[in-house]
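Engineer: These are the residues of each chain, in order.
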Amino acid sequence: MLVALGGLLIVVMFAYVMLGPVIFGPDLVYKALINQAEEVHHRISVWEVRVPRVLIAALSGAMLSSSGALLQSVLRNPLAAPATVGVTQGAVLGAVLALVFTFGSEGALDDLNFLVPWAATSGGLAAGTVVYVLSYRRAGTDPIRLILTGVVVAAALSSVTSFLVLISGSHIDSIVRWLVGSLSTRTWDHLVFLAPVAALALPLVVWVIPLANALQLGDSTSVSLGLRSELARAFILMTAVVLAAGSVSVVGGVAFLGLIGPHLARTLVGSDLRRLLVCSALVGAVILVCADLLARVFSLDWIPLVDIRTESGSRVPVGAFTALVGAPFFLYLMREGKR
Amino acid sequence: MTGNPVFLTEGISTGYGRHVVSKHLSLSVEKGSRTSLVGPNGSGKSTTLKTMARLIEPLAGAVYLNGQDINRQPTRHVARQMAILPQVHEVPAELTVLELVEQGRFPHVGALGMLRRQDDDAIQEAIRLTRLEDFVHRSIDTLSGGERQRAWMALALAQQTEILLLDEPTTFLDVGHQLDLLELVSNLNRDRGVTIVMVLHDLNHAARFSDRMIAMSGGEIVADGPPAEVLAPGLLRDYFGVEAAVMTDEKTGSPMCIPYAPIHSDQDDHE
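As you go down the protein sequences, you meet chains A and B in turn.
For the first sequence, position 219 matches number 219 in the numbering used here, and the numbering has no gaps at all.
For the second sequence, position 121 matches number 121 in the numbering used here, and the numbering has no gaps at all.
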């Protein structure tokens with residue numbers, strides 16, 4: 001199953017690089033990839049635009065979805081996701097704050113590329129920390145308190161973001177793209193930020209998989225198995241927060257992916273996190289690559305439906321597709337699961 | 001008492017935060033024995049077991065496991081000596097019996113060791129003892145109550161400990177599965193010398209499947225000894241509030257009681 005999913009991911013990523021305003025054949029993509037393109041614009045299209053963007057899509061989709069898988073098991077709640085514990089909202093607020101404060105300085109757009117991911121990651125980490133600390137009582141935290149606190153913190157952060165959107169005036173467009181999640185104009189600069197975060201998170205993920213496997217059996221059972229349950233919970237949450245904050249910091253608050261990815265993965269491989277986490281990452285990567293492929297196709301000029309490009313010439317954000325497709329799909333999963 | 005106690009508490013207080021359940025509770029449990037904690041609701045028997053299991057810390061004093069403070073040693077070290085079957089279980093959706101039972105090896109191989117598939121003898125034996133061979137790849141949430149409790153029992157058995165604590169293990173089971181589980185527990189004690197401490201609601205089961213009954217009421221131990229001594233009409237009247245007849249079951253030789261009327265004391269009416 002995992003091998004098949006890995007193969008599927010490679011196929012959709014390759015298709016992603018082939019398709020676009022100009023469709024490249026496999027041979028042309030191959031030549032561009034090995035840096036022997038016949039024309040300069042092939043090389044630029046493939047190397048400078050499509051390859052970094054598809055890598056970011058795959059990586060951030062994998063991170064967001066595996067973060068959701070960790071959260072769902074450690075909080076023992078099928079509705080847990082980065083967006084239900086406030087991490088997404090915290091990261092989005094961080095990004096929006098950075099955007100708002102740099103709008104004044106004209107020509108600072110290049111700096112933005114560096115500043116925004118940092119601000120967003122910090123925002124996500126801060127939100128996660130606040131939720132954990134607020135949930136802490138004498139004996140530690142518990143899943144229900146964490147979720148309730150997370151929902152409240154998420155709502156509070158969202159309202160601050162809404163306020164910023166209202167006062168942002170003419171820049172509302174680029175802020176909303178952060179709220180929804182977008183991959184347009186993402187390039188190597190962003191990948192250079194995202195890849196180290198992922199590399200940092202990977203050993204953490206490997207370490208917390210067995211802890212989460214034990215902890216998802218309940219606090220009593222995990223203590224019986226010799227786990228320091230509160231410490232394990234803190235570690236697992238931290239890992240999930242790092243994954244989600246890193247992903248959101250580059251792509252924005254992509255709706256539903258952190259919720260649906262793990263659910264879909266669970267129907268494929270079950271709840272053992274050794275498989276579930278890998279599967280969630282693959283599913284998340286496939287979904288976001290496909291969704292962004294759709295977003296790009298619908299942004300093309302030859303689609304004669306309506307002009308869905310915004311004033312500033314930017315494209316349909318990928319988050320709009322995950323929300324549009326994700327919501328009904330999630331309902332379908334729930335109905336199927338009940339049978 | 002003589003012998004070597006696996007559990008020893010001297011004058012501990014138990015409870016949750018500011019809510020004190022027991023004060024000055026002293027008890028010791030002999031190696032290889034079967035002990036049942038019984039008592040009416042709210043008597044403190046489950047709190048006592050949870051404190052012995054280190055699921056909650058004593059408010060004062062210490063629980064000694066094989067001579068060492070249970071809360072002052074690595075919890076994994078304790079987990080290699082003692083397994084617990086808690087009263088309520090969290091069942092993750094879509095987890096198979098085998099994946100559950102595998103987790104029992106956690107205290108032995110550690111976190112990184114658990115990344116590998118565990119399939120040593122302990123798991124196979126736990127599955128065999130609980131007769132779950134046909135269910136290993138079934139998802140736990142598709143099992144019946146009795147099968148499910150056996151799966152959790154198998155998890156505890158896979159830990160291969162010399163002590164097993166059970167908190168009302170028969171509560172949600174029908175009578176056949178109740179006897180089935182208690183017989184399994186007794187066999188573990190008889191064949192492997194596993195020390196058993198369990199909280200039981202059913203007094204007749206406690207009398208039949210243990211060597212020693214500890215009756216609690218209001219956080220205190222009110223009777224302690226062999227079932228034939230503890231299970232007496234006076235105890236049932238004073239602490240359980242029932243008029244009961246106690247006799248010897250001819251088939252099993254153990255004492256049994258038949259409660260036939262609740263007592264409505266004046267004291268209760270005024271409370």
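Hints listed in this document are in silico derivations from the structure and should not be mistaken for laboratory results.
C-beta: ideal position from N, C-alpha, C; glycine also.
Hints are not guaranteed to be accurate.
Stated by the list, open to error - Quick list of the computed label-pair ranges, beta carbon to beta carbon:
| hint | chain 1 | residue 1 | chain 2 | residue 2 | range |
| --- | --- | --- | --- | --- | --- |
| 1 | B | F172 | A | P78 | 20 to 26 Å |
| 2 | A | S159 | B | A60 | 43 to 49 Å |
| 3 | A | I10 | B | G193 | 17 to 23 Å |
Engineer: Could you run down the list of hints and mark each one as holding or not?
Structural biologist: Hint-by-hint comparison with the structure:
1. B/F172 to A/P78: 20 to 26 Å: holds (23 Å)
2. A/S159 to B/A60: 43 to 49 Å: Taking Cβ atoms as reference, A/S159 and B/A60 lie about 46 Å apart, which means the hint holds.
3. A/I10 to B/G193: 17 to 23 Å: Violated: the Cβ-Cβ distance is about 56 Å, outside 17 to 23 Å.
Hint check: a violation occurs at hint 3 only; the rest are consistent with the structure.
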